[in-house]
Amino acid sequence: AQSVTQLDSHVSVSEGTPVLLRCNYSSSYSPSLFWYVQHPNKGLQLLLKYTSAATLVKGINGFEAEFKKSETSFHLTKPSAHMSDAAEYFCVVSGALSTGIGKLIFGQGTTLQVKP
Amino acid sequence: KAGVTQTPRYLIKTRGQQVTLSCSPISGHRSVSWYQQTPGQGLQFLFEYFSETQRNKGNFPGRFSGRQFSNSRSEMNVSTLELGDSALYLCASSLLGAQNEQFFGPGTRLTVL
Chain Y
1 AQSVTQLDSH VSVSEGTPVL LRCNYSSSYS PSLFWYVQHP NKGLQLLLKY TSAATLVKGI
61 NGFEAEFKKS ETSFHLTKPS AHMSDAAEYF CVVSGALSTG IGKLIFGQGT TLQVKP
Chain R
117 KAGVTQTPRY LIKTRGQQVT LSCSPISGHR SVSWYQQTPG QGLQFLFEYF SETQRNKGNF
177 PGRFSGRQFS NSRSEMNVST LELGDSALYL CASSLLGAQN EQFFGPGTRL TVL
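Chains Y and R are the protein sequences, given in the same order. Using our numbering, the final residue of the first sequence is 116, and nothing's skipped along the way. Using our numbering, the final residue of the second sequence is 229, and nothing's skipped along the way.
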């Protein structure tokens, strides 16, 4: 079975400082992993995805994530936070059922606050 | 290319009523998935339709149902509404299926009074 745990429900950073949002996953086989962002009153937008190619994945808006199989982690980072980064972030693992047909399993989300 | 659209954006119903939500996927996408988002339970998968067939279902009661049309547009129906059904309902479309990259619509905010 697949599951995902976001280790922080709320992260607060100052503008211009680095961002780290932590995610651990559990999967019976090689997973596909995603980070999505949700701004207030908007749908979810894909930031980046890992699908067993390069372990360091670059996404939009300067975000990147590193897949570490030994640690079962997929943490999201950004070197310098911007006010517009304030949003809810979801770590997602692809869950394939016994039929081979999958679905996305979402973490509980991390609220990123960016202070001026 | 137009994104995923959902109608209506906001809906207020009373307990016991039923509701139908609509989702139009990105052109060419045959997979449509539905999710329920609440503060307490987070994002939960409802079901996925692919080429008019439901091929995946989450752990929701039978009051939640859906369908997909030949043009890939999808509808979700909730019967006998309960207060706990108040949520943001998100639709997502995908080219290759629900386990792959999905594109989300803005959601329908359902309030049950």
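It should be emphasised that the hints constitute simulated quantities derived from the structure, not laboratory data. Wrong hints could be hidden among the right ones.
[Unchecked claim] To give a feel for the contact side, a few chain R residues facing chain Y, derived at Cβ under 10 Å: (1) Gly158; (2) Phe163; (3) Glu164; (4) Asn172; (5) Ser202; (6) Leu206; (7) Ala208; (8) Arg225.
Given the structure is predicted, the values throughout are model-derived calculations rather than measurements. Note that the Cβ used here is the ideal one computed from N, Cα and C, for glycine as well.
> Does serine 202 of chain R pass the interface check with chain Y, least Cβ-Cβ distance below 10 Å?
Replying inline: With Cβ-Cβ at 16 Å, over 10 Å, it is violated.
>> Can you verify the interface hint for arginine 225 of chain R: is its Cβ closer than 10 Å to any Cβ in chain Y?
In response: holds (8 Å)
> With a cut-off of 10 Å, does the beta carbon of glycine 158 of chain R approach a beta carbon of chain Y closely enough for the hint to hold?
Replying inline: Constraint on glycine 158 of chain R satisfied, holds at 5 Å.
>> Given a cut of 10 Å on the nearest C-beta pair, is the interface hint for phenylalanine 163 of chain R held or broken against chain Y?
In response: Where the cut-off is 10 Å and the nearest Cβ of chain Y is about 9 Å from phenylalanine 163 of chain R, the hint holds.
>> Tell me if the interface restraint on alanine 208 of chain R is satisfied: Cβ within less than 10 Å of some Cβ in chain Y.
In response: Status holds, d = 8 Å.
> Does the interface hint hold: is leucine 206 of chain R within less than 10 Å of chain Y, judged Cβ to Cβ?
Replying inline: OK, holds: leucine 206 of chain R within 10 Å of chain Y, min 6 Å.
> Does the CB of asparagine 172 of chain R sit less than 10 Å away from some CB of chain Y?
Replying inline: holds (5 Å)
> Regarding the hint that glutamate 164 of chain R lies at the interface with chain Y, is the smallest CB-CB distance below 10 Å?
Replying inline: Holds - the Cβ of glutamate 164 of chain R comes within 10 Å of chain Y, reaching about 6 Å at its closest.
Comparing the model with each numbered hint stated earlier shows that hint 5 is the single one that does not hold.
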